[in-house]
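*Asks:* Letter by letter, the chains look like this.
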Amino acid sequence: MTTFDLIQIALFLLALILLTPALGAFMTKVFSGEKHFLKPVLGWLERIIYRVTGVNPDEESNWKTYLAGLLTFNILGFLILFILQMIQSHLPFNTEKLPNVPWHLSFNTAVSFMTNTNWQSYAGETTLSYFIQMIGLTVQNFVSAATGIAVLLTLIRGVSRKTTDKLGNFWVDLTRSTLYILIPLSFVLALLLVSQGVIQNFTPYVKATNIEGTSQIIPMGPAASQIAIKQLGTNGGGFFNANSAHPFENPTPFSNFLEMLSILLIPAALTYTYGKMVGSVRQGWTVFVVMFILMIAGLAISLHSEYATNPVFGAHSMMEGKETRFGVTNSVLWSVVTTDASNGSVNSMHDSLSPVSGLVAMVNLVIGEVVYGGVGSGLYGMVIFIILTVFIAGLMVGRTPEYLGKKIEAFEVQMAIIAVLAPSTVILLFSALASITPSGLAGLNNSGPHGFSEILYTFASAAGNNGSAFAGLNANTVFYNILIGFGMLIGRFGVIIPVMAIAGNLAKKKITPPSSGTFHTDNWLFVMLLIAVILIVGGLTFFPALSLGPIVEHLLMQSGITF
Amino acid sequence: MKTLFISVKIFLVLTILTGIIYPLLITGLAQLIFPHQANGSMVIQNGKVLGSELIGQNFNNRKYFWSRPSAVNYNPLPSGGSNYGPTSKALKQQVIYREKSLQEANSLPQNASIPSEMIFASASGLDPHISPQAALMQVDRISKERNFIPKQKEKLLSLITNLTEKPQFRLFGEERINVFLLNLELDKITR
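Chain order of the listed sequences is A and B. Under my numbering, think of the first position of the first sequence as 1009, with each following residue one higher. Under my numbering, think of the first position of the second sequence as 103, with each following residue one higher.
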């Protein structure tokens, strides 16, 4: 590692810190319905949308009605994407005459994009037409991110409102986040990416014959528009198989910087929005700091491991699965960022990372995608951990725990535990199932502990709605497509439903003014406690599984053992 | 039932907005402002597409610079890496073989170190770049194959210097050289 590498990392972190309050303040205005600079530009469109769809923007609903709307909308999105893929050959913009997608792959992909996971069992350039990529996938990229924000907003309202059952209007939250935040940001990013060389066209694939006479079919398509929202919405599903390692998705080091920043931009800024909306900016920064510390710690460990010598090869900084233009530092930084956020796009092949770098990525996945995490989902996941932390702190001092003036009681803690257990169950049980069945083992690309890591990573990625992969695993089989599909559903809605139940219950409560006995949740003591709770819950649950994969692989690698 | 109707209507409106208008608008602007990039940064000579500046190609001829190893052999349909892990026996064997072949092909001593990217496959399988060191390593072989006189070899060396891309804005990424563009210029070296 050189000073130059450190400067690049510092620059990235600095940009993230500076943009957080800027975008965070803007989003606060959007979600509270206040005046902001895009209202004169796009406000008419918002009003038209409500008029056409018959939504009354002033009508708010309780958590159950809100959830019903959210679920209906998501199921509908799933069904449409599922069907579109299966009739692909009859649809337009299919320049390569790609056939219909098999049912199990359609199921997997539809769930994947609806749940903001964007796991890819398929290779974009050889499976999906421009029509599906655009009208199927790009749409879900937007609305799944907006859904995450909507859930977060109900939680914020649950915390900040008192003695009410009204948590907002799902259609309004969905429309506003799409119209004022996701579309404008994607618009700017997409054009910047095209300037760097990301393609955006509807022409058929191009046949090239190089100077040696060998030919190459070069895929085309409307990539930039999808890649922009794929990064900003923490979706992560690539237009091409190699995702953001593909030169058409991520052509230059600058496009790499922009895409990497876009991954964390909204999740980080939402911490500021959160602080603003619950009435304490300090509270938002506290959450930001917790996430920041966890990210830096992971990054340091991962960089150290990737630059260390691999005794099997007698080499360090190995370039297997990495691109020359990004080098080791930018590949490792991306791998940490994309697993912190539940983005899941990759600019290097995680399967080929050193065991400890793979471990860092897996830890980021299994602790529930709360280090910035997905758009909306990262923060509501973090609030779950905050509830557990104040509960544990309350037990220690023998006082009813409170968070921002709201009493945390049995119901909230029960729901929080469900939200923690649902994804954990998927990771451990599904991994175990795949490890002992022939159909599970058939997909492996590596043997020994690394093979187990491939399975564990897969289900951690599915349950955390991340979507990145140890991509050697051939997951495009009926077994994996179905199992991963259910993993993603449980990982998404097994958290959303308890979170909204908590929001609904908190909204009904009174706000107790802070007293001398109040346990503060915006100081360094709390930061440390929260980090400890996250690591202990993650550690206790997953240490045995992780030791069978990356940890034992690291130890065996030190003795030069191959598999 | 009301929820379902609203769902359908909102879904339709958002599909039109994000699935049709947004990508078409980006396409229109991209084609207008950055037509070269939007269409794949193609290199066209005499009306024939030789390839894309961004997509790596396979070069086998000893007269040309060679690209990195590729898990998909530079066939973009589909792109991808080897996904071999850090304790993979198969990868170990590949690396030993590649190291030996490159040493032999370039008449390097047996213990000569080869730049990492030349013995390990890229993530996309389409990496268009190698490091300047990896290009320099191949200069002797190419000069010999092309019967270059010393002046031409000097031209080749300065070509490598000129085509080496520095970190972008002096800040981002690694020093690198585009193999395809380098080979195009290589063919233009005359006495």
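It is possible that part of the hints are untrue.
[What the hints assert, rightly or not] Taking lysine-lysine and the DSS-like style, the derived pairs with C-alpha atoms no more than 25 Å apart in a straight line are: (1) B:Lys104 with A:Lys1072; (2) A:Lys1072 with B:Lys111; (3) B:Lys165 with A:Lys1215; (4) B:Lys150 with A:Lys1174; (5) A:Lys1174 with B:Lys165; (6) A:Lys1072 with A:Lys1518; (7) A:Lys1215 with B:Lys246; (8) A:Lys1047 with B:Lys194.
Hints listed in this document are in silico derivations from the structure and should not be mistaken for laboratory results.
*Asks:* Please go over all the hints and tell whether each is borne out by the structure.
*Replies:* Going through the hints against the structure:
{"no.": "1", "hint": "B:Lys104 with A:Lys1072", "verdict": "15 Å, holds"}
{"no.": "2", "hint": "A:Lys1072 with B:Lys111", "verdict": "21 Å, holds"}
{"no.": "3", "hint": "B:Lys165 with A:Lys1215", "verdict": "24 Å, holds"}
{"no.": "4", "hint": "B:Lys150 with A:Lys1174", "verdict": "64 Å, violated"}
{"no.": "5", "hint": "A:Lys1174 with B:Lys165", "verdict": "73 Å, violated"}
{"no.": "6", "hint": "A:Lys1072 with A:Lys1518", "verdict": "20 Å, holds"}
{"no.": "7", "hint": "A:Lys1215 with B:Lys246", "verdict": "32 Å, violated"}
{"no.": "8", "hint": "A:Lys1047 with B:Lys194", "verdict": "59 Å, violated"}
Checked against the numbered hints listed earlier, the structure breaks hints 4, 5, 7 and 8; every other hint is satisfied.
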